[in-house]
Amino acid sequence: MPQRTHQPKSRRRLKKHGFRARMQTSEGQNVLKSRRAKGRKRVSVQAKTK
134 MPQRTHQPKS RRRLKKHGFR ARMQTSEGQN VLKSRRAKGR KRVSVQAKTK
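With my numbering applied, the sequence shown covers 134 to 183.
Calculated from the structure, these hints are not laboratory results. Since this is a predicted model, take the numbers as computed values, not measurements. All C-beta atoms, glycine included, are put in the ideal place defined by N, C-alpha and C.
In silico lysine to any residue, SDA-like type, Cα no more than 25 Å apart, as pairs:
no.: 1; residue 1: 142; residue 2: 164
no.: 2; residue 1: 181; residue 2: 136
no.: 3; residue 1: 148; residue 2: 174
no.: 4; residue 1: 149; residue 2: 136
Derived CB-CB ranges, DEER-like:
no.: 5; residue 1: 137; residue 2: 167; range: 26 to 36 Å
no.: 6; residue 1: 144; residue 2: 166; range: 23 to 33 Å
no.: 7; residue 1: 135; residue 2: 170; range: 36 to 46 Å
no.: 8; residue 1: 134; residue 2: 170; range: 37 to 47 Å
no.: 9; residue 1: 172; residue 2: 135; range: 41 to 51 Å
no.: 10; residue 1: 136; residue 2: 176; range: 30 to 40 Å
Model the full assembly from the supplied sequences, consistent with the hints where possible.
Here's what the structure looks like:
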């Protein structure tokens, strides 16, 4: 069987979609703002706890 294409990494996940990554751009800040306005429980990706 060939290798599956999705090989997730926690570090990359946080670097791309984490809170600090969102805060660095104005567009990202708008994302957080709109998610807070909608009442999301989580505004951004969090580190997975094992």
